[in-house]
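Visitor: Starting from the given sequences, assemble the full structure and let the hints guide the process.
There are 2 protein chains.
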Amino acid sequence: MTQPFSYTLLARDGAARRGRMQTAHGAVETPAFMPVGTAATVKAMRPEDVAATGAQIILANTYHLMLRPTAERVAELGGLHRFMNWPGPILTDSGGFQVLSLAKLRKLSESGVAFRSHLDGARFELSPERAIEIQHLLGADISMAFDECTPFPAEEAAAQSSMELSMRWAERSKAAYPARPGHALFGIVQGSVYPELRRRSAEALRAIGFDGYAVGGLAVGEGQATMFAVLDETVPALPEDRPRYLMGVGKPDDLVGAVRRGIDLFDCVLPTRSGRTAQAFTRRGTVNLRNARHAADKRPLDAACGCATCTGYSRAYLHHVVRAGEILASMLLTAHNLRYYADLMAGLRGAIEAGTLDDFAAGFAAEQAEGDIPPL
Amino acid sequence: MTQPFSYTLLARDGAARRGRMQTAHGAVETPAFMPVGTAATVKAMRPEDVAATGAQIILANTYHLMLRPTAERVAELGGLHRFMNWPGPILTDSGGFQVLSLAKLRKLSESGVAFRSHLDGARFELSPERAIEIQHLLGADISMAFDECTPFPAEEAAAQSSMELSMRWAERSKAAYPARPGHALFGIVQGSVYPELRRRSAEALRAIGFDGYAVGGLAVGEGQATMFAVLDETVPALPEDRPRYLMGVGKPDDLVGAVRRGIDLFDCVLPTRSGRTAQAFTRRGTVNLRNARHAADKRPLDAACGCATCTGYSRAYLHHVVRAGEILASMLLTAHNLRYYADLMAGLRGAIEAGTLDDFAAGFAAEQAEGDIPPL
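In the order they appear, the protein sequences are chains A and B.
For the first sequence, my numbering gives the first residue as -4, with consecutive numbering after it.
For the second sequence, my numbering gives the first residue as -4, with consecutive numbering after it.
Take these hints with a grain of salt, some might be off.
What the hints assert, rightly or not - Partial pick of chain B residues on the chain A-facing surface, computed with a CB cut under 8 Å:
{"id": "1", "residue": "Phe78"}
{"id": "2", "residue": "Met79"}
{"id": "3", "residue": "Arg111"}
{"id": "4", "residue": "Arg268"}
{"id": "5", "residue": "Tyr312"}
{"id": "6", "residue": "Val316"}
For the record, the hints were derived by calculation from the structure and aren't laboratory data.
Given the structure is predicted, the values throughout are model-derived calculations rather than measurements.
All C-beta atoms, glycine included, are put in the ideal place defined by N, C-alpha and C.
Guide: Spelled out as structure tokens, the structure:
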């Protein structure tokens, strides 16, 4: 018997929550960061490598997978877990965000979005019903309601009509969603930077009733202070007994600040994309391995990190494989970055349990501010 | 105490030899295939992934490493084993072959080769003395004498003078080589397709005295039948108590044929390069995963293979990641190809021990000839 989907609140520290989310494919300790596996692969990582970083859940993108290899093909092949050989929980987005950022010749209407593929120009349509169907075909543990990610900046009137469209789509998403044990449907709060719109969106979603609540339309250029201000207004309007997911976020200090504001789940391409462009996250800030100052540096990337990259290789070697354009550079740096994110989330979970989150956040910020130690 | 370098002949089947080579960084069961780690990485593989395929020794390229990061830098960083995190045996080539195939504005003289880097046009020189010094700085378990890989085709007179130059360079390589326990210097037989030149080259090298003997200047366009004919003439001229290495070879059937002719060691970029271009080696021949016929194929790449790629993924998934241009495609296919090569070598070793090499070779050829089974 598959256990029902659940969220258990285990501890609190201020607004921050330490919880556990149970899905059909296993439990997720929260707050958690979800590596992004856009096209049914977390880039440059085998699934076992992803799990080894400490990640317990990954995100996959409806837009990319509906274009190639198609949701129907994935379903024929036994679903996304089997297809990509990832046995753990998977969250899929609804495709709306990528349609607006990647597809060509988009046409938005009340029914949904018609667009052309960025790969070959082929015509597609996405609607709440189709987005839910695709996520069902993929076999996602957590499906997302279909929404419009309101562009930033947006006038209040435009933000309102966009949010209201998303709320009508949320209702249609819920109606279309085939509930199954261990599986969940999350609604997405919109409303741009307008507190009243955010609160009305949250209320509308609660009235529909979802298994979890996401905050969308952030990390789109508004800046961290504005994002945090929106969270301060929005998170208290969400139910306490459901997980809260801040979509597309973010940098390490975004995660710390958002966890302190009560967020439980995150996803972002930053650690994986950075891993393919020689950017590494460390306890003392970001490091660019392409920089010549690393060429003779015998030290590990992050002396406090226990990952295989930091225990096995010098900065000089990482610099060498970056300069030589070797695939291994992407593999080693992505693995390190995901481990850094997983360790950060584990640190936040431990601090919430211990009631020491303020100290943890202060220590984190101080260490980041010190910056990288130059080579001898 | 480091054990001395040694080669122990364990069993024979016809001309084929089952042996064990002991180096400062461990033993190598022969016949063995050496994956190529050109720039101090076997492309798309972590060192532990390489070891997991069954490979016990890798090859690294003097030419690439002398340009970047330089041999002196590798030495400062503790040598190549530590630099690239590969604890096992390493063989380095002498750089001569790559200078002739990659470098610009080459100028060959009795003393050596002056050339410009293909990376940035910087001037470099390689001589027997410098090639040996570089390999020493890298910390190679097995160093190769500096030679000229005679181009193919070559008139007999040109092949003779090229071979004689290589023999003078072999003598200088030996004189420059700092012997150390567990480390070896191999000479390289040249002489193009001329049996008499090959025999004279082998005699010249034996007179100098090397820890192992390589056959160079093959797999350069002469075709398999000619290559085998050259081996038939050359291998009997090599000493029985030293390992024999056929450089830059080859396809699976090249390996089988060369092992039957008494070769112990091989290297080739084929399994790794093919892994990055969607080409896979299987017990039933090569398979191109880019081909649309794999798009819905639930079967593993090679049902008889125990590698993580074949046990974890369908051909449909491999096709998907190839088409999507994902790094994972290179990782999974390279891992499979190296495992295929390692399994083939293990099969050859077992057959020699059992005295059933003819049957093994016939079974191998029959299975390869059957070709891939089409999807249902």
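Visitor: Quick check on Arg111/B please, does its C-beta sit within 8 Å of some C-beta on chain A?
Guide: With Cβ-Cβ at 18 Å, over 8 Å, it is violated.
Visitor: Is the shortest C-beta separation between Val316/B and chain A less than 8 Å?
Guide: 6 Å, holds
Visitor: Measuring from the C-beta of Phe78/B to each C-beta in chain A, is the shortest one below 8 Å?
Guide: At 6 Å from the nearest chain A Cβ, Phe78/B passes the 8 Å test, so the hint holds.
Visitor: Identify whether the interface hint at Met79/B stands, where standing means a beta carbon of chain A within less than 8 Å of its own.
Guide: Met79/B check passes; min Cβ-Cβ to chain A is 7 Å, inside 8 Å.
Visitor: Can the hint on Tyr312/B be confirmed by a CB-to-CB distance to chain A that is less than 8 Å?
Guide: With Cβ-Cβ at 6 Å, under 8 Å, it holds.
Visitor: Hold the hint about Arg268/B up to the distance rule: shortest CB distance to chain A must be less than 8 Å.
Guide: 12 Å, violated
Of the numbered hints stated above, those contradicted by the structure are hints 3 and 4, listed in ascending order.
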